[in-house]
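A.B. asks: These protein sequences, in sequence, are chains A and B. The working numbering applies: residue 1 is where the first sequence begins, and numbers increase by one. The working numbering applies: residue 1 is where the second sequence begins, and numbers increase by one.
Treat the hints with care, since some could be wrong.
Stated by the list, open to error - In silico lysine-lysine, DSSO-like type, Cα no more than 30 Å apart, as pairs:
1) B/483 / B/201
2) A/339 / B/201
3) A/114 / A/35
4) A/116 / A/37
5) B/412 / B/54
6) A/311 / B/162
To be clear, the hints were calculated from the coordinates, so they are not data collected in a lab.
Here is how the chains run, residue by residue.
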Amino acid sequence: MKPVIDYFLIPVMPVAAFIVTGLVLIALQCLNSAKLKPLIKLVALTGPVFAIGATWFLFKNAPLEYSRLQPGGHQAWLNEFIQSYLLDSTTLIWYWAIGALSFLSFVFIETYFKDKEELPEVMILLQFVSAAMMLLVSANSLLMVFMALELMSLPIYVLVGIEPNRHHGAEASLKYFLFGSFATVLLLFSIALIYSCTGSLHFNQISSFLLAPTGGNNPSGLMALTASALFIISVGFKLGLAPFHMWLPDAYEGASTPITGFMGSAVKLAAFGMAVRLWWGMLAPLSTHWISILGPLAVVTMFVGNLGALKQRNLKRLLAYSSISHAGYLILGLISISKTGSQLNTQNLFYYLVVYGFMFLGALGLISLIERSSGGTDISNIEGLGFSHPLLGLCLTLFVLSAAGIPPTAGFLGKYFLFSDAVRNGHTNLVIWAVLSSTVGIYYYLRVIIAVYMTESAGRSSLVIRDRSMVMVVLACALCMIFFAMFPHRLGI
Amino acid sequence: MTDSLLALLVFVPLVGVVLCVPLSQPLARWVALLTSLVGVLLTALLYLYFDGTKAEQLQMAWSLPWIGSYGIYFSLAVDGISFPLVLLTKVMMPIALLASWGEERRLRAFMSCFLLLDFAMTGTFLATDIFLFYVFWELMLIPMILLIGVWGSQNRIFAALKFFLFTFSGSVLMLVSILWIFTQYFQQFGNYTGEIIELSKVGLSTHSIVWGLSTQDLVFWGLTLAFLIKVPLFPLHTWLPDAHVQAPTGGSVLLAAVLLKMGTYGLMRFSIPFAPESFVRSIPILSTLSLIGIVYGAWVAFQQTDMKKLVAYSSVSHLGFVVLGLCTLNREGLTGSVLQVVNHGISSGALFVLVGILYERRHSRQFEDFGGLASVMPKYAFFLVFVACSSMAVPGLNGFVGEFLILLGAFKAKPVWAYISVTAAVFGALYLLVMIRQVLFGPVTSGENKNLKDLSIRDWASLVPITLMILALGIRPNFLLKKMDPALDGFWKSSLKKSFSESSVLGKRDKKV
Chain A
1 MKPVIDYFLI
11 PVMPVAAFIV
21 TGLVLIALQC
31 LNSAKLKPLI
41 KLVALTGPVF
51 AIGATWFLFK
61 NAPLEYSRLQ
71 PGGHQAWLNE
81 FIQSYLLDST
91 TLIWYWAIGA
101 LSFLSFVFIE
111 TYFKDKEELP
121 EVMILLQFVS
131 AAMMLLVSAN
141 SLLMVFMALE
151 LMSLPIYVLV
161 GIEPNRHHGA
171 EASLKYFLFG
181 SFATVLLLFS
191 IALIYSCTGS
201 LHFNQISSFL
211 LAPTGGNNPS
221 GLMALTASAL
231 FIISVGFKLG
241 LAPFHMWLPD
251 AYEGASTPIT
261 GFMGSAVKLA
271 AFGMAVRLWW
281 GMLAPLSTHW
291 ISILGPLAVV
301 TMFVGNLGAL
311 KQRNLKRLLA
321 YSSISHAGYL
331 ILGLISISKT
341 GSQLNTQNLF
351 YYLVVYGFMF
361 LGALGLISLI
371 ERSSGGTDIS
381 NIEGLGFSHP
391 LLGLCLTLFV
401 LSAAGIPPTA
411 GFLGKYFLFS
421 DAVRNGHTNL
431 VIWAVLSSTV
441 GIYYYLRVII
451 AVYMTESAGR
461 SSLVIRDRSM
471 VMVVLACALC
481 MIFFAMFPHR
491 LGI
Chain B
1 MTDSLLALLV
11 FVPLVGVVLC
21 VPLSQPLARW
31 VALLTSLVGV
41 LLTALLYLYF
51 DGTKAEQLQM
61 AWSLPWIGSY
71 GIYFSLAVDG
81 ISFPLVLLTK
91 VMMPIALLAS
101 WGEERRLRAF
111 MSCFLLLDFA
121 MTGTFLATDI
131 FLFYVFWELM
141 LIPMILLIGV
151 WGSQNRIFAA
161 LKFFLFTFSG
171 SVLMLVSILW
181 IFTQYFQQFG
191 NYTGEIIELS
201 KVGLSTHSIV
211 WGLSTQDLVF
221 WGLTLAFLIK
231 VPLFPLHTWL
241 PDAHVQAPTG
251 GSVLLAAVLL
261 KMGTYGLMRF
271 SIPFAPESFV
281 RSIPILSTLS
291 LIGIVYGAWV
301 AFQQTDMKKL
311 VAYSSVSHLG
321 FVVLGLCTLN
331 REGLTGSVLQ
341 VVNHGISSGA
351 LFVLVGILYE
361 RRHSRQFEDF
371 GGLASVMPKY
381 AFFLVFVACS
391 SMAVPGLNGF
401 VGEFLILLGA
411 FKAKPVWAYI
421 SVTAAVFGAL
431 YLLVMIRQVL
441 FGPVTSGENK
451 NLKDLSIRDW
461 ASLVPITLMI
471 LALGIRPNFL
481 LKKMDPALDG
491 FWKSSLKKSF
501 SESSVLGKRD
511 KKV
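Chain A on its own, in the form it takes in the complex (with noise of 0.2 Å):
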């Protein structure tokens, strides 16, 4: 029994924290008590909470020393699951950064739904997201990340489309299923592709095998090239990469405005981290061959987010297209991931992502509040915050100049940190095109900070703040976002 506990229920606590209080919902929405719904409110934060406070406890208690676990000598189901398993000090760091986003989202998107009858389902969905977010970053062999990739994909397309009555909701959603099963589909084959060559799914000895001298030149090795294509198709869809965008912009503009809040911080840095653990975990032996398709596409997409961005009026549309140009820096400063020893230099882009879900989730705060108030989430609509909300339009010029990497905001730090990695891994040249299309971004960046101080609007005495709690989210990404700026060593730099 001892190992079991060990090796097993003490690594899954953070993710069991969702887990159970996902079934603790469910359980209290079966009793369809209208009594009920203030403790549904109240259990469904519990969640994040016991999952920041069980990262805690497992960083307290040595997380090297699971790390450093050989499988063998358990039960066949534990030994496999050590296999597939990651938990490093570097993955506690990113469950954190999980935890904290999600408690953030949760509150953000319980304020949204409190007067709504899908509150109850919603948070339902989203313990098990969170779950598999966890889940995802973790996953150290291909079954673990479909399942997790699965569990984490589906209850999003639901949310996506929760709101009945909520224009283009549906649509939204329905594209997002239709792109993201194709997708899915696509990392069902090249799963099996590498299976079929390698004879095995879990990460470390699929890249024994590729670094095996015969690994790349085989007819076996050509497979394994095929499937990492394959691999870019499908996992650049779920990352919004170019030419794969195209169903980005619709669902972040359709899905409730907290759920896109939700999808652009907490989702996407999750599926990095998987990305991560695909490419450099996994696919690493291959990386010349994949850089030199990744490189390029980063720059288009950094291109393509950018000048999308470019005409859009829509507030959530213009950030649905800055994400994906976001996603194009974020692919940079991957693919200039070092190694020292056996453990990767991921910190530089997982401070990126932190930052930059802080910033998308706080944005996302403000355009609800927005919504909430005035109907719109036109550009028109926050003409004037800056004077009539002087603290809210401060905070939203900080989200924007961050996004945009203009010092000194954390999201310049964040863009430093990662063009430095680049140009130390000979990626100069990419370097010079991701600071053009940065130039480019400024421009549309440059039109919310005019709309909020600028532009005199008639009625811009209209935005009536009516959920405070949604203020405090928006004032804590904020506070977090200068603390980034002030500290980042905070963040592992």
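Assemble the complex: chain A is given as a structure, and chain B must be docked to it using the hints.
C.D. replies: Relative to chain A, chain B alone:
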């Protein structure tokens, strides 16, 4: 005290911002003014404590750890090159504030923008960490575009966007150069550092890698484009007239007096020491552009009928002189450039103050609306003529010393440069005299002008210190020069030392001539 003096200089404006926020609107004005006066007092201390005999060294260093793993510190220090610019920044602050004293709208935010700008400008000059420098450099943009975009005139948003896009596109390339320098340093020395002095030891290869450009050339142009946009050198100057015309008076003053100086400061601090060979290689391009800028700026200024635009184009011309001075590679040219930077800051700042005074009373800057003001506003007329004289480099006033030294240096380096730029100096006199004639002399044509009030106490408060500075720098520039002489003496030697000595460069140049 001397240990934290620089930190105080940088952070006092931030304290002012914090104080501004909870106060009532009119009080914010006084807080801002008080903060900037404290800044002036602190600079007086800086003047006393700064050791001019060791001006080539960084002094009064102050630092805080920031991003340890990249060797980046929040570190400040001052040497002979940054010293006059810090002085200029702090002295022009209260003058700019007084110039915008009449602003009524959103005073708290307005004053906060000013103080933030002060914070960023001082930080830019004092930063000894290249990363910190970049952060301050970019931070400056935000309050400036707000000043232009929120409190500017009709076409303000266009001007603000243009200003931002121009400067930002320059500075992203600078970022790539900085990253490249960091990486090269890491490869050569095995550790990261942000210290400018330390980084300038890095050897950048001069072997051509792409399109006949070497690593050093690429780094050089990455850095230099950003600085040239800020200077602004022809043909990168087009944002300047728009920004100046649309900005509120105080913003124009700071833009002309301080922000444009960042460009030449960057050239001296980064471009030349980091990539000396490339700098020497690009002198033909830089000197040609600055000569075009000198003549073109003056010619376009001559065509203007809007006073503010005229002053803006005159800046293009005057700052062409500064870049030309750096291209001479000799001591005279360098001294002239440094002085011209300060002089231009004072005189063009003063011209903007004077234009602002008229605009406040009459809401126009067009020549045709004025005429004969000398009889209505005699005191104003005196100051306008006086400042214009300083700007057109009348001997005995500040402009003369700098321009003369640059011409001397240019003559030594390549006489053709001097011939061309002297003609532009004549133009300089021409357009300013035209402005004076149109605005001040002749009959009073418009009835509205008959009852214009002459200078108020506030105008006196900003114009008298300017006048004193103009006189002081014109008659005895030594009080400033003695604080930077050692830095200027050693500048060419230490910046160009990497591969060749000053004499060999000049030797080649002399033979060609």
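A.B. asks: Of the hints stated earlier, which fail here?
C.D. replies: none
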